[in-house]
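Enquirer: Sequence:
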Amino acid sequence: MTFSLAGRCPNSGQIGYVVATSSVCVGARVGMVSDGVVIFSQARTDPRLHAAGLDAWRKAPGDARQALNAMKEHAVASHWRQLAVFPMAGAATHHTGASCLAHCGAQAGAHSLALGNFLGSDRVMPTMINTFENSDGPLAQRLLAAIRAGETAGSEREPLQSAALVVMGADDLKEVDLRVDFSTDPLADMGRLLEDWLPKAPAYRIRALDPDNAPSSADVEGRQT
4 MTFSLAGRCP
14 NSGQIGYVVA
24 TSSVCVGARV
34 GMVSDGVVIF
44 SQARTDPRLH
54 AAGLDAWRKA
64 PGDARQALNA
74 MKEHAVASHW
84 RQLAVFPMAG
94 AATHHTGASC
104 LAHCGAQAGA
114 HSLALGNFLG
124 SDRVMPTMIN
134 TFENSDGPLA
144 QRLLAAIRAG
154 ETAGSEREPL
164 QSAALVVMGA
174 DDLKEVDLRV
184 DFSTDPLADM
194 GRLLEDWLPK
204 APAYRIRALD
214 PDNAPSSADV
224 EGRQT
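Residues 4 to 228 in the working numbering are what the sequence shown spells out, letter by letter.
One thing to keep in mind: the hints can contain errors.
Restricting the straight-line Cα-Cα distance to at most 30 Å, the calculated cross-link-like pairs of lysine-lysine (DSSO-like) are [to be verified]:
hint: 1; residue 1: Lys203; residue 2: Lys62
hint: 2; residue 1: Lys203; residue 2: Lys177
hint: 3; residue 1: Lys75; residue 2: Lys177
hint: 4; residue 1: Lys75; residue 2: Lys62
Note that these hints are calculated values from the structure, not bench results.
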């Protein structure tokens, strides 16, 4: 009962994902991005499978199929699982178990991968891919616009309650790492969070890389001192 989108930007070198579902706290369970790869475990989710996929990826960088196979080998009842490996370069790979609820499956674009189950329409995944692939701007904004388009195209069959948005940038620093854990309109709330966050993100990057020359918290947040 989840739909998600992984995307990459060859120009910026960023990679990330967005996910929404009808249960709470999806950001605690679905999705991981590290070492130039997004790894998904959703449907009847086992977040431990992220680590299995990432470990296999680190042993054989660039081999998405090997990472996916490692996840399937570690999975209990893989017929309930939806799994995917989406790399910064090269083709993605995915698995949708036979017990996942329709509409379900995956669809790949040139620089994106949509994954979903228990969807309200078979238009959700192609709409997300088309929106992402035909947009420009910061990766986080493109991902959010695409999943909101998927929501309009059918969403899932039950009301959404939570969402997460993660983008990895250079120097192994996340440019965006936002969660809405419980809401009656989590993607709208995510939009407001992202609008507030993006202007502040460069300052927090400086704080990590060059703390001697970083702005104060008051400067970052626009508070009077």
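Enquirer: For each hint, tell me whether it holds in the structure or not.
Expert: Taking the hints in turn, this is what the structure says about them:
no.: 1; hint: Lys203 - Lys62; in the structure: violated (35 Å)
no.: 2; hint: Lys203 - Lys177; in the structure: holds (13 Å)
no.: 3; hint: Lys75 - Lys177; in the structure: holds (27 Å)
no.: 4; hint: Lys75 - Lys62; in the structure: holds (17 Å)
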